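Generate the whole structure from the sequences, applying the supplied hints.
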Amino acid sequence: MSQELSCSREAVEKMFVEHPKLLLVFKQTGCPPCEALGKAIEEVSPNLGDIEVAEVELGKGEMDCEAFADQHQVGATPTLVYYKDGKPRKRWVTTGVKDHDVKELLSLSQISSEEPVPPTPEPAGLETTGAPASQATP
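The opening residue of the sequence shown carries number 475 in this note's numbering; numbering runs sequentially from there.
Hints are computed from structural coordinates only; laboratory data are not their basis. Treat the hints with caution; some may be incorrect.
What the hints assert, rightly or not - Straight-line C-alpha distance at most 30 Å; calculated BS3-like pairs for lysine-lysine:
#1 558 x 488
#2 495 x 513
#3 564 x 534
#4 564 x 495
All of these numbers come straight from a predicted model, not from anything done at the bench.
Below you can see the structure in the form of structure tokens.
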């Protein structure tokens, strides 16, 4: 089961310290792909082992969350970022849930602790849904 993350600096730091394996789900209310992805994550979360899932709700006018999303290079929702030991290891930007997305989620515990994969802008041609975090509306 996922929890909503408060985006205050203290809450974020605590989350990374308490959960070395963390999947952040950046989403917005009223975003159909976000809602579908949320349902899929709820279904697979019991099989994620020691990976904590936390949701970051954008578009509510909370500047801490918008700044946090910008800091993590979230340009569209839904975006998922998997962190291991506080470093980003995997990133997804999706317009809908596909079988391979769920399989990838289930394989997260296999990702090594080697050099982190830095967040990268979305590849050209990748469909995205939702407004950029900095342009989200309440």
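Notebook entry, point to check: If you draw a straight line from the CA of residue 564 to the CA of residue 495, is it 30 Å or shorter?
Noted result: Between residue 564 and residue 495 the Cα gap is close to 12 Å, so the pair holds against 30 Å.
Notebook entry, point to check: Regarding the pair residue 564 and residue 534, is the alpha-carbon distance no greater than 30 Å?
Noted result: holds, 26 Å
Margin query: Tell me if the straight-line CA distance from residue 558 to residue 488 falls inside 30 Å.
Written below: Between residue 558 and residue 488 the Cα gap is close to 14 Å, so the pair holds against 30 Å.
Next item on the list: Given the hint that residue 495 pairs with residue 513, test it: the Cα-Cα distance must not exceed 30 Å.
Entry: OK: residue 495 and residue 513 at ~20 Å, within 30 Å.
In summary, this structure violates none of the numbered hints.
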